[in-house]
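J.: If you want the building blocks of each chain, they are given just below.
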Amino acid sequence: MKKTVNKSAWAGLLCAAALLALVVILENVLDPNKNIMVFAALKKGAVYALVAVSMNLLNGFTGLFSLGQAGFMLLGAYTYAILTIPVSQREAVYYIYNGSAVNFSLPELFGGGAFGLVLGVVLALVLGGCVAAAVAWLIGLPVLRLKSDYLAIATLGFGEIIRAVFQWDKLGPVTNGANALKNFPTFSSFNITNGSGETVLRLSTFTAFLLAGICIAVVVLLINSTYGRAFKAIRDDEVAAEAMGINLSKHKRLAFVISSFFAGVGGGMFAMFANQAQAKTFTTAMTYEILLIVVIGGIGSVSGSCIAAFLYVAASEWWLRFLDAETFIGGFKVPLLRNGFRMVVFSVVIMIVVLFFRRGIMGDKELPDLLKKRRKEGAK
Amino acid sequence: MKENVLKVENVTMQFGGVVAVDNLNLEVGKGEIVALIGPNGAGKTTAFNVITGVYQPTNGAVWFQGEKIVENHPQGKMKQQYKGEHAGDYAQVLAPTPDKVTRLGMARTFQNIRLWKSQTVFDNVLIAKHCRATSNVFSAAFRLNRKEEAAQRENVLELLETVGLADVKDEPATSLPYGKQRRLEIARALAAEPKLLLLDEPAAGMNPQETEELTAFIGEIRDRFHLTVFLIEHHMNLVMNISDRIYVLDFGKLIAQGDPAAIQNDKRVIDAYLGVSEDA
Amino acid sequence: MQYAISILLSGVSLGGQYALIAIGYTMVYGILRLINFAHGDVFMVAGLMMVYLTASLPLAASIPLVLVLTVLLGFIIERAAYKPLREAPRMSVMISAIGVSYLLQNLATYVTGGLPKMYPEIPGISNTITIAGVPTKVVTVVTPVLVLVLVLALTQLIHHTKVGMAMRAVAKDFETAQLMGIKINAVISVTFIIGSFLAAVGSVLYFTNYQSIVPLSGALPGLRAFVAAVFGGIGSIPGAVVGAFIIGISESVIKGSSWSIFSDAFTFALLIIILVVKPTGLFGEKVTDKV
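Residue numbers (the working numbering), protein chains in the order written: chain A, 1 to 380; chain B, 1 to 280; chain C, 1 to 291.
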């Protein structure tokens, strides 16, 4: 059995490498100005995939119905932004508050340039995750004892409280109050430029995929470890889990903290995607989006969450855009198509999935399981 | 005198006004197989739940391997509602969670099988080893605990072979027939490396042949794993053939205790539970 | 002093409107153990329906029509989105409720074009009167009275009719009630009908006060009403009413102070404190789980 485990690990690594290579090639072959939608969708998809996987870890694998994801993303996004806005830009960004209370930036601290950028960004993202994890640890104390529906509402509440705090005027010098934080390193900062400022190698989508990929890989490792199995035991029957020596509060808290860490990193990445960080983006509606992605992909399937994230982003940002546009065929105005119709169609699709395809795309299986099945059936 | 692995002292469990277990006193000696019998609703599973930390007793204490692990006295509303004796004897409050009790060396099975439905046979037993793992979440996630995990997996395989389930180890646990599922639950409990094994109606739903096999099996594992066994059962053949001693519960009270022969002839037990054979 | 009275009045009025919504939450939770996330949005849709109906119909026709249509909406939602999932794990039903809420909000955005709509003036209750020297609308006085009347009627229904007894039985033990021959579907539908009816009445009162309606106008009052229901003890109708008045008055006080941006956060903080300290709320009952 050990041999097959190593085999699938190498196979997974190979696939991931192939995917990354494909992304780099795509981004440098296709004209970026004509394909903005494609690459925006890919980047957002990568970010949402990470956050969906983090939510699935908690909801799908441990059985804890938490609706606080947006709040943790907010914490990660703000931590990232606050720590990476270049010192020279701070006055401009924090103009209402006459400058920022934080007067250094990690990339510059590490000497600027490519090395400083990479190290600074990675550290800022990790710290963003840590802040989210720390808050999750504090919240977890009282909240994780609650029954599933109450846990959902309590975490939803914390998400809203966090958002209110970050919009508070008095914290302006740190958070910029209700204004957006901008001008920090984004995915595009990773494009390699030559001396005259021309872009030589586009790496923005690659960076998004690499960061998300590494985090998701860590989650997968966790899920397949003894702790991951303990989480699944808690989900399936926590009374039995407790009777078999698994401390419920410790493990639930662990799942909550780890999930929030990755939601925080995802939040930082979202800021990199959106080129700004503003509290009012991280609403409960965003948590619902992620939840619906998890449901569509399959509660308890990492590959499902990834696939569903890309499908969702592609559909909402790109493919279904036409539903919002007033279209005319000849002189005839197509009924129903106008602004907002896309979201209605979307919501109907969600309801159909929830009612008729409850197991989602992948159920609780992963991509390798499906391929194994095919091989078995092929051998027969 | 055998040393006590388990000692239950003056345990009363009261839910509001209902007394489920009334001043229970019992002992289980090392290496013994002791049975707890009685009609349905007598409080047997409740007693198990108190011993394993699922419920906090209203009053009384439990010792395991010579150390006190559970203790409580009536508090709050219960002070007025408490109907039993020895209320003043227990000053401390010791309320371990069930996982702590398991780590101390007790493992149990359930009256209604509680396997982890999404997991395979192998994983159901492997998960019970988690509480004995010394790795933390980082070393586990980054596979720094390879040796420990390999050793645990080997141990699980051995256990599955002992219970005769090694051939189905990769099947989903729910695909097993009922009798095998019960054996799986026992294997799982054994994986937690207990000194005391608590079995809640292990023969429930089994036919006479399966019950015979189970009787032999319990004796085997007791010897092989140096266990003490405390079981609840309704199958009297199993109970009488395997038990060293028996405790009889009725309406929460202990009405008799002794070896199988004594219990079978005890009038109170016959009236309350066993009944008389028709041709008597 | 005047300021305090105006705060108190608006708090009482708000509390009454929340009470009407809270009853819907607490009744549904008591029977189905489901937090009906969509309830607040049903309330909002009732408000929008009034806006659109009064554009073509006289008020005398619009008001009853709104009540009927809202009841119909609540009934349909239960049949279409919750009934099929009754055997499913709790998470699935909650996700369905969230989905319905999402759908209603997006439909509202689509239909209204994203612009706020103005609620019509209902003669009688939107007139201004003066109480203790403080100018306010008639609706402020009508609300608590109407709430009391409706709650009394509801209590009578629950304790003195067959339907009410059936509802109480189902709330106590779902499975056994079914086994005893109670028509579960009918009982559940009645629960949703009553809840939606009260929400519709609440919307008339609420939007007469806060006349601008946007698709998100139901979410916050809905959540506040839910907190009120939990505060009072989920499953208990008098609890929901008491909780709602307390929440309404607190909200009014906070909005009038310098901490007004924290008014939502306060509601949630209150919810979390209740859930952690006394999850059964003021009037709730404790239930032990059998292992």
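Read the hints as simulated data drawn from the structure, not as lab findings. Hints may be right or wrong, so weigh each one.
In silico DSS-like pairs for lysine-lysine, Cα to Cα no more than 30 Å straight-line [to be verified]:
#: 1; chain 1: C; residue 1: K255; chain 2: B; residue 2: K117
#: 2; chain 1: B; residue 1: K169; chain 2: A; residue 2: K7
#: 3; chain 1: B; residue 1: K7; chain 2: A; residue 2: K147
#: 4; chain 1: B; residue 1: K79; chain 2: B; residue 2: K7
Between beta-carbon pairs, the in silico distance windows are [unchecked claim]:
#: 5; chain 1: A; residue 1: N194; chain 2: B; residue 2: R132; range: 55 to 61 Å
#: 6; chain 1: C; residue 1: K183; chain 2: B; residue 2: M78; range: 39 to 45 Å
#: 7; chain 1: A; residue 1: S249; chain 2: B; residue 2: N237; range: 38 to 44 Å
#: 8; chain 1: B; residue 1: S139; chain 2: A; residue 2: N339; range: 38 to 44 Å
#: 9; chain 1: C; residue 1: K172; chain 2: B; residue 2: H86; range: 51 to 57 Å
Computed footprint of chain A on chain C, listed as stretches where at least three residues anywhere in the stretch have a Cβ under 8 Å from a Cβ of chain A [stated by the list, open to error]:
#: 10; segment: 123-135
#: 11; segment: 179-191
C-beta atoms are modelled at their ideal positions from N, C-alpha and C, and glycine is treated no differently.
J.: Find the hints from earlier in the document that the structure breaks and name them by number, from lowest to highest.
T.: Violated hints: 1, 3, 8, 9, 10 and 11; rest satisfied.
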